[in-house]
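2 protein chains.
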Amino acid sequence: MTRQLHLNLFIYPDGHHEAAWRHPDSDTDRILDIGYYQELAQKAEAAKFDAVFFADGPSLAENIRYAARFRLEPITVMTAIVAATERIGVIGTASTTYTEPYNLARQFAALDHLSKGRAGWNIVTTGAANAALNFGLDAHPVHRDRYERAEEYVEVITKLWDSWEDDAVVADRASGLFADTDKIHRVDHVGKHFRVAGPLNAPRSPQGRPVYVQAGSSEDGRAFAARWAEAIFTAHQTLESAQEFYADIKSRARAGGRDPQGLKVLPGISPFISSTAREAEELHEQFNDLTQPEYSLAQLERLTGVDLSAYDLDGPFPREVIDADVERSEGSRFQLVLDIVEREQPTLRQLCHRLAGARGHRVVTGTPDQVADTIQQWAEQGAADGFNVMPPWLPGGIDVFIEEVVPILRVRGLFRTEYEGSTLRDHLGLERPASQYASRPAATLTKETA
Amino acid sequence: MTRQLHLNLFIYPDGHHEAAWRHPDSDTDRILDIGYYQELAQKAEAAKFDAVFFADGPSLAENIRYAARFRLEPITVMTAIVAATERIGVIGTASTTYTEPYNLARQFAALDHLSKGRAGWNIVTTGAANAALNFGLDAHPVHRDRYERAEEYVEVITKLWDSWEDDAVVADRASGLFADTDKIHRVDHVGKHFRVAGPLNAPRSPQGRPVYVQAGSSEDGRAFAARWAEAIFTAHQTLESAQEFYADIKSRARAGGRDPQGLKVLPGISPFISSTAREAEELHEQFNDLTQPEYSLAQLERLTGVDLSAYDLDGPFPREVIDADVERSEGSRFQLVLDIVEREQPTLRQLCHRLAGARGHRVVTGTPDQVADTIQQWAEQGAADGFNVMPPWLPGGIDVFIEEVVPILRVRGLFRTEYEGSTLRDHLGLERPASQYASRPAATLTKETA
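Sequence lines, in order, name chains A and B.
With full-length UniProt numbering, letter number 288 in the first sequence gets 288, and the count goes up by one each step, no holes.
With full-length UniProt numbering, letter number 434 in the second sequence gets 434, and the count goes up by one each step, no holes.
Simulated from the structure, these hints should not be mistaken for laboratory data.
Each residue gets a CB set at the ideal place from its N, CA and C atoms; glycine is no exception.
Mixed in with the good hints, there may be bad ones.
Claimed, not checked - Chain B regions said to be covered by chain A (calculated; three or more residues, Cβ under 8 Å):
| id | segment |
| --- | --- |
| 1 | 82–93 |
| 2 | 200–213 |
Claimed, not checked - BS3-like mimics (lysine-lysine), calculated; alpha carbons at most 25 Å apart, straight line:
| id | chain 1 | residue 1 | chain 2 | residue 2 |
| --- | --- | --- | --- | --- |
| 3 | A | 183 | A | 116 |
| 4 | B | 183 | A | 43 |
| 5 | B | 183 | A | 116 |
| 6 | B | 192 | B | 116 |
| 7 | A | 48 | A | 116 |
| 8 | B | 43 | B | 116 |
What the hints assert, rightly or not - Quick list of simulated restraints, FRET-style, between CB atoms:
| id | chain 1 | residue 1 | chain 2 | residue 2 | range |
| --- | --- | --- | --- | --- | --- |
| 9 | B | 257 | A | 171 | 25 to 31 Å |
| 10 | A | 152 | B | 188 | 48 to 54 Å |
| 11 | A | 219 | B | 129 | 41 to 47 Å |
| 12 | B | 172 | A | 130 | 24 to 30 Å |
| 13 | A | 182 | B | 419 | 44 to 50 Å |
| 14 | A | 46 | B | 279 | 30 to 36 Å |
| 15 | A | 309 | B | 33 | 32 to 38 Å |
| 16 | B | 29 | A | 46 | 29 to 35 Å |
| 17 | B | 310 | A | 130 | 43 to 49 Å |
| 18 | B | 421 | A | 315 | 33 to 39 Å |
| 19 | B | 243 | A | 186 | 42 to 48 Å |
| 20 | B | 261 | A | 35 | 32 to 38 Å |
| 21 | A | 289 | B | 188 | 19 to 25 Å |
| 22 | B | 172 | A | 277 | 47 to 53 Å |
For reference, chain A alone in the conformation it holds in the complex (with noise of 0.2 Å):
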């Protein structure tokens, strides 16, 4: 059988590009109706995607003068969407570092549960640093201690949302005998960094457990998702890049007593589809054209740590005043930032404009024929198991992926025509979590918490 591939949409309000929200084609006056938003769920759903996949962070982004790049908080928007829809999974950050577990866990589970099954969480530890003001902290904890943190959340939140084993729920009308108490397990966690008692206050959810998803590629981040996460999304410009962080990723999980097939592995993919190559390059020129230099520039400084607005746009990238050594959020970003330019040794403006299309994920230009290439090409020699697709606008960056690549992709036997299951497991193909409480343990216990 042919590889079958998973594809999500990952939705930004107006589009990935930084620009997108000024090209005409975006729906720029719509970014604040959820129908809006319930319809790019449903057009994928349409498509059979995997899921709908969404950003986040509890901070503004200081670039908001010039773009879109507000924050519609991501388990209303899920949920809404869940309420539109009946198939396709809704995948949402949120973060360990700024939120409670207790809160966070009940959240998920009540999503996992008015959808039916097709919960999926995002895992971060939160890049921003001016988010630790929003919430009390002197400074933004630094990466190294952010992971340390998730690590113990994640055991956390996996206690709690095992804590009601899966037929605690007795609802016997006769006897009176709502729940079954001896199923329903305090969890009692102490840790260095959180004291929760427990149990959740509500049934376990149908998936067992929500998807656990992750996206850090650094050093820190690589340990974390062989440990927890059963979908990664990374960022790779490059086919080698990918092959060597899919070869990794899954030498990591096989290490740590998992099957790698449990952990999937999405490249983000952002493309410029039209019926020529160069079509398909003027299209995104017309996009990059309508960037602003103080935008771009701060994005830049936010992945070098440099404020480079006094250099000439159009020289050489200054390469010289950037030090590796610092200390960075997004380490992983900052290394790829650094091979584009090597890479590629481009002018300042021609950086920006690399990273204005996805923020550093790989974009292809081409017909649908060149893009499905890049796709089965990645797919077929050991980068991807598949895709978060990041359309550089909406709605017709991904209408134009779905009219004219998924047929072919299709055609090519690399993704599905229907549905096969109902739930975002299912549809990833990934195993139901027993409960690490279960008094008979089932078979399907997953290794990483048992």
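The hints should help you fit chain B onto chain A, whose structure is shown.
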């Protein structure tokens, strides 16, 4: 013009009577199905109710063994409901003690956006002491400390909801100006309990601020409500008690410089309705016969602080073992229990039955006309601006109220036949507050944050 009442449907999974889930007319099989909650809200919307209302608490009720007292997280449930309705408001409970204000501000603002202005926040400090153990605390903060924190919390969250002026989003494609950052304000709150820099990371919501609802009737609770609340959910067994509360809270609001019309008093009412008074009594008894002493006594212990399980259920309530001076989480509800004891001299079982219907809220039994009479009397004699309707069981308990009582209220000119506005503020007759940061303060700027 006749006084117009406000009616909310307060949704408990299987209904408010503690034994509702055991009754054959309850839809116990559907209490984890979101479609069930959406249908209840649609019924209330068809009947032109102001809002649906959800309680919450971030811990598991200890008596889950005997009743359906799990908690589906309200933000998610409310979002699913707004996705399936057009006009009705949604009011959900969230804790100032156990939620980060920045996170709560984001979620309610998002809900207000998604619902196009139908969100209300029921502000609670959390009564259940075991919640503390889910959030790393050794003990639940005492009543007074929780209210002190709540004061500051509401100040912070109001600043966050005001942090974008109404016209901050420009979205001018030509010039590239997405948001006028002169109209987006840091809040820079520094207080005893919170340090929050802000601004919020999303535009101001349709209602400016979600409606502020409050449900505590203790001394601290009344002071808090008079300062902040726009609607108050309150428990009273007698007309006199409700009148005292109504007069007191309105006069406190007036003393604080507020228009007392901007603060709606909504007692809870749990109606058993049948075609004769006797049949309604019998219906009530049917439910009481399904109660379980283990559950009822645990409820009573929570309210009184005393384990009464060793006492004879059919002996007199042992008033002498209750120490009224002990600090209690739910001070006002405790007083209500003592008042019942003084007034009615019940046996322990009778007291359990008195509280089984709606945890201390007024239970009325009677014909549709009799129930409408009570409602009219309370409304016309200075005890209520409307009611939180608490059906003893669901869905039948709200069906009969809508089919039999609402038409009578309409004939008497007490309740609307159509919505006049589109937001929850419109339904409740509340002004839309201007942002406290608005450069040109609008005439509607409310006093409480001026």
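Hints versus structure:
1. 82–93: Since three or more residues must qualify, the claim that chain A covers the segment 82–93 of chain B holds, with 3 doing so at under 8 Å.
2. 200–213: With 4 residues in contact (Cβ-Cβ under 8 Å with chain A), the coverage given for the segment 200–213 of chain B holds.
3. 183(A) x 116(A): Holds, because 22 Å separates the two Cα atoms, which is no more than 25 Å.
4. 183(B) x 43(A): 36 Å, violated
5. 183(B) x 116(A): Measuring from Cα to Cα gives roughly 42 Å; hence the hint is violated.
6. 192(B) x 116(B): The hint is violated at about 34 Å.
7. 48(A) x 116(A): 17 Å, holds
8. 43(B) x 116(B): Judged against 25 Å, a Cα distance of about 20 Å means the pair holds.
9. 257(B) x 171(A): 25 to 31 Å: About 51 Å separates the Cβ atoms of residue 257(B) and residue 171(A), which means 25 to 31 Å is violated.
10. 152(A) x 188(B): 48 to 54 Å: Violated - the Cβ-Cβ distance for residue 152(A) and residue 188(B), about 31 Å, lies outside 48 to 54 Å.
11. 219(A) x 129(B): 41 to 47 Å: 43 Å, holds
12. 172(B) x 130(A): 24 to 30 Å: The hint (24 to 30 Å, Cβ to Cβ) holds, given that residue 172(B) and residue 130(A) are roughly 25 Å apart.
13. 182(A) x 419(B): 44 to 50 Å: 49 Å, holds
14. 46(A) x 279(B): 30 to 36 Å: 52 Å, violated
15. 309(A) x 33(B): 32 to 38 Å: 55 Å, violated
16. 29(B) x 46(A): 29 to 35 Å: Because 31 Å falls inside the window, the suggested range holds.
17. 310(B) x 130(A): 43 to 49 Å: 58 Å, violated
18. 421(B) x 315(A): 33 to 39 Å: 58 Å, violated
19. 243(B) x 186(A): 42 to 48 Å: Check passed, 45 Å falls within 42 to 48 Å.
20. 261(B) x 35(A): 32 to 38 Å: Hint holds: Cβ distance 34 Å, inside 32 to 38 Å.
21. 289(A) x 188(B): 19 to 25 Å: Between residue 289(A) and residue 188(B), where Cβ atoms are some 38 Å apart, the hint is violated.
22. 172(B) x 277(A): 47 to 53 Å: With a Cβ separation near 33 Å, residue 172(B) and residue 277(A) fall outside 47 to 53 Å, so the hint is violated.
Hint compliance for this structure: hints 4, 5, 6, 9, 10, 14, 15, 17, 18, 21, 22 are not met, and every other hint is.
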